[in-house]
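Novice: Here is how the chains run, residue by residue.
Protein chains: 2
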Amino acid sequence: MDFPFNRIKGGVGAPQGFLTSAVSCGIKTPGSSRLDLALIYSEKPCSSAGTFTTNRVKAAPVRVSQAHLRKGDLRAIIANSGNANACTGVQGIHDANAMCDAVAKPLKLNRSQIGVASTGVIGLPMPAMRMEPKYDELLERLGPKNGSDVAAAIITSDTHAKEVAISFEIGEHRVRLGGCVKGAGMISPSMATMLCFITTDANLSSDNLRKAVLECVEDSFNRITIDGDMSTNDTVMVLANGASGMPVARRNSAACKQFREALRWLMLELAKAVVRDGERVTKFVTVKVEGARTYLDAKKVAEAVCKSALVKSSWNGGDPNWGRIIHAVGYSRARIREELVDIHIGGKAACIGGLQASTPMDELRDAVAHPEFEIVINLNQGDADYVMYSSDLSPEYIDFNRSEYAYWKQARKDGLV
Amino acid sequence: MDFPFNRIKGGVGAPQGFLTSAVSCGIKTPGSSRLDLALIYSEKPCSSAGTFTTNRVKAAPVRVSQAHLRKGDLRAIIANSGNANACTGVQGIHDANAMCDAVAKPLKLNRSQIGVASTGVIGLPMPAMRMEPKYDELLERLGPKNGSDVAAAIITSDTHAKEVAISFEIGEHRVRLGGCVKGAGMISPSMATMLCFITTDANLSSDNLRKAVLECVEDSFNRITIDGDMSTNDTVMVLANGASGMPVARRNSAACKQFREALRWLMLELAKAVVRDGERVTKFVTVKVEGARTYLDAKKVAEAVCKSALVKSSWNGGDPNWGRIIHAVGYSRARIREELVDIHIGGKAACIGGLQASTPMDELRDAVAHPEFEIVINLNQGDADYVMYSSDLSPEYIDFNRSEYAYWKQARKDGLV
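Quick note, the sequences are listed as chains A and B, same order.
Oh and the first sequence: position 122 is 122 in my numbering, straight run, nothing missing.
Oh and the second sequence: position 270 is 270 in my numbering, straight run, nothing missing.
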């Protein structure tokens, strides 16, 4: 398919009729000026949809947003970074509701029209005393911007803000779609990214939007893995306000399909950006499994390879180690036959029929020396395939994740624990 | 239970009637004097049993030993380190058979009475030209030793040889049980250790021995994890030659139960030794899950916690991070309720009812500062429990596993690939 979209500047502020704002409360680091509280607001009523972590331990904002999304009429999203508001019990629900209430009245919305999201350390109460003095400023700053303030405010251990926006034609109307994402750690299939917000001025019913979101998340965020850990806070929320002027897209209409293709492309773009900016990641690896008996078998193989600590270590070392790849294929619980497995690394045959191929090792080594390469695993047993996007695992990742103790010490100082 | 066994010196050579031998072929490192080919031989006929990797990619020696074990009359085991003879196709089967043949005739045994095992790099053909000149020496050296030569010859990235032997009374007879193990990397549930050999002069039928082995492996090697990767070569083989003079133990007899308890203790001791000597491991962590609805739920929770890269990173950092533990509990797919979960670290309450407990953080931090500590996760939903033994994940582990390229270069020099 040709690329039928134009990239435009910004993210969630790029579509018409959306205002954004972000302030610094010092949730990430007291006294610092890093943005950590963000607001997205649509001037017009919206259709809305979302998907959330399948972790049974769900953060308070996830529970609150899931309840609010039931009617599908969100018009604003408030989000903070630095504290996940997870494992915080009744107080956590209270704090998430307070975030909604703080902006609902001034924006003349019901509490249930606000989506709420948090990301950061698990288990610490929200520092409400740092947020309350900042709500006025958050509302005052609300204005037509491109959304980069929101993208910057939601990141934690990410090295940079991640946002994408595109415009495309639906019939005679120019439609815009923009999104931002934060990721970095705790990235695994079944809702990968920690937080992703998407806005559009397309015109869809909430039902149609929900179907499109579920389908596109399956093809994007559910196909990435960095460390195999699934977060308590994973959230994707999408608002569509119809400000482009297009008539409402009917189910299965050409307009609906065009929108879905654009959403799929945008989500995949954001998902890949999460992997590329994974915690201390040095390699972006596309793993394609082909020739599986079933879709599920292909998926099992891709997940086992993408999650193996040994495989990821060898990617980090620039070692074209097909032996470790096939050993992960073997324990994936998919139906495979060792003697049929072919593995190509960067287009070069590494393993044919379960055995070392004749490709000179230096050529394979060159292939994995690139910061981005592709591994194709053909099981030669059927027609099903699956693709995943993964990264290496670096010594620096572990170093980086050795301790969150500093956050706890701060919380103790604040009298929160 | 009181400890009813006496520790004795040595390992697989400690029971009566077993001879051992080991030589250096230069499989691990050409020209080096490190032992890398070992032989265990019983002077009397044996009952035998074994369990093997459930990886669908199985090394040639695993396939050969599985076939040989069908009759349950193994009398010798030959094993090498440095090359796994995995993903080596028909040539691999030929090479594994050749190892058996090399000792079968001189020992006046059938090929099918020899167990064979290999550990090391995957995907490279066996360097038969280095092993053939050494078989005579291997047989000449065979003699009554305590088995430490075998323990030393099977290790690869292990920092030291690991063996245990005990003696205990069955009726009027003193019975001996000895074993050695190599582990280090690729350690995960469903057959953990790479190689474990156990000998005993107890007297059991192969059927009874097989049942005891399956049950005891489930309670020991299947409960450890270091990096979550399952090997292609995992092998446990047990030989029982009856040389203690005890009459054959009948099924469900007291003698049979006594033997099983001893075997369980020995296997758990060896399994724990594998974790403690895991690649670049600094912490030995016992994870107890209690109050689960079912055994399977308890197991799922233990496995999720023990395999989480983020949890393991925090252990490495000495961070008593219960937030990461509960997030792994949440994605384990077990039936849990966040608000019921209690987590104790080193006997101190870290999380009660899904919330931060009142224990001062410094006390929790002291608990995880120990090289060995225990984590108890109570789901408060039922009576089922499960225990696992795990380790931290260190930056050094990844550094260590970045590349096996040197092995491949050597194989190229040898004309093997």
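Hints were generated in silico from the structure; no laboratory data involved.
One or more hints might be untrue.
Calculated Cβ distances over 12 Å to all of chain A for the following chain B residues [as the list claims (entries may be wrong)]:
id	residue
1	17
2	53
3	54
4	87
5	113
6	139
7	167
8	233
9	294
10	331
Taking beta-carbon pairs under 10 Å as the criterion, some of the chain A residues facing chain B (in silico) [claimed, not checked]:
id	residue
11	168
12	326
13	339
14	347
Pairwise CB distance ranges, derived in the manner of DEER restraints [stated by the list, open to error]:
id	chain 1	residue 1	chain 2	residue 2	range
15	B	219	A	383	52 to 58 Å
16	A	399	B	247	58 to 64 Å
17	B	294	A	399	35 to 41 Å
18	A	387	B	219	35 to 41 Å
19	A	371	B	4	33 to 39 Å
20	A	410	B	169	58 to 64 Å
21	A	54	B	382	20 to 26 Å
22	A	369	B	261	36 to 42 Å
23	A	33	B	374	42 to 48 Å
24	A	399	B	371	28 to 34 Å
25	B	294	A	67	40 to 46 Å
Here a beta-carbon is modelled for each residue, glycine too, at the ideal position from N, C-alpha and C.
Novice: All hints, please: hold or fail.
Specialist: To see whether the hints hold, each was checked on the structure:
Under the 12 Å C-beta cut-off, the non-interface status given to residue 17 (chain B) relative to chain A holds; the minimum distance is some 37 Å. Consistency note on residue 53 (chain B): stated as away from chain A, yet its beta-carbon is not over 12 Å from all of that chain's, at 8 Å minimum. The non-interface label for residue 54 (chain B) is inconsistent with chain A: the shortest C-beta to C-beta separation is roughly 7 Å, within 12 Å. Against the 12 Å criterion, residue 87 (chain B) falls within the reach of chain A, whose nearest CB is about 6 Å from its own CB.
With a least CB separation of 27 Å from chain A, residue 113 (chain B) remains clear of the 12 Å interface cut-off, as annotated. The beta carbon of residue 139 (chain B) sits about 31 Å from the closest Cβ of chain A, which is more than 12 Å, so the claim that it is off the interface holds. Listed as outside the interface, residue 167 (chain B) is consistent with that label: its C-beta sits roughly 37 Å from the nearest C-beta of chain A, beyond the 12 Å cut-off. Chain A draws residue 233 (chain B) into its interface by the beta-carbon criterion, the shortest separation being 9 Å against a cut-off of 12 Å.
Distance check for residue 294 (chain B) against chain A: the nearest CB is about 15 Å away, which clears 12 Å, and the non-interface claim stands. Against chain A, the non-interface label of residue 331 (chain B) is violated: not every CB pair exceeds 12 Å, the least being about 4 Å. The beta carbon of residue 168 (chain A) is not positioned within 10 Å of any beta carbon in chain B (closest approach about 36 Å), and the interface hint is therefore violated. Interface restraint check for residue 326 (chain A): the shortest CB-CB distance to chain B comes to about 5 Å, inside 10 Å, so the restraint holds.
A least Cβ separation of about 7 Å between residue 339 (chain A) and chain B falls short of the 10 Å threshold, and the interface hint therefore holds. This hint is violated: residue 347 (chain A) has a C-beta 19 Å from the nearest C-beta of chain B, more than the 10 Å allowed. The hint said 52 to 58 Å for the Cβ distance between residue 219 (chain B) and residue 383 (chain A), and at roughly 42 Å that hint is violated. With their beta carbons about 59 Å apart, residue 399 (chain A) and residue 247 (chain B) fall inside the hinted range of 58 to 64 Å.
For residue 294 (chain B) and residue 399 (chain A), the Cβ-Cβ distance of about 38 Å falls inside the hinted range of 35 to 41 Å, so the restraint holds. Separated by about 40 Å at the C-beta atoms, residue 387 (chain A) and residue 219 (chain B) satisfy the suggested range of 35 to 41 Å. Taking the beta carbon of each, residue 371 (chain A) and residue 4 (chain B) are about 59 Å apart, not inside 33 to 39 Å as hinted. Restraint check, residue 410 (chain A) to residue 169 (chain B): a C-beta distance of roughly 60 Å satisfies the suggested window 58 to 64 Å.
The hint said 20 to 26 Å for the Cβ distance between residue 54 (chain A) and residue 382 (chain B), and at roughly 22 Å that hint holds. In this structure the supplied range 36 to 42 Å is violated for residue 369 (chain A) paired with residue 261 (chain B), their Cβ-Cβ distance being about 54 Å. Distance hint for residue 33 (chain A) and residue 374 (chain B): a CB-CB separation of about 43 Å, consistent with the stated range 42 to 48 Å. With their beta carbons about 19 Å apart, residue 399 (chain A) and residue 371 (chain B) fall outside the hinted range of 28 to 34 Å.
Remark: the range hint 40 to 46 Å for residue 294 (chain B) to residue 67 (chain A) is contradicted by a beta-carbon distance near 30 Å.
Checked against the numbered hints listed earlier, the structure breaks hints 2, 3, 4, 8, 10, 11, 14, 15, 19, 22, 24, 25; every other hint is satisfied.
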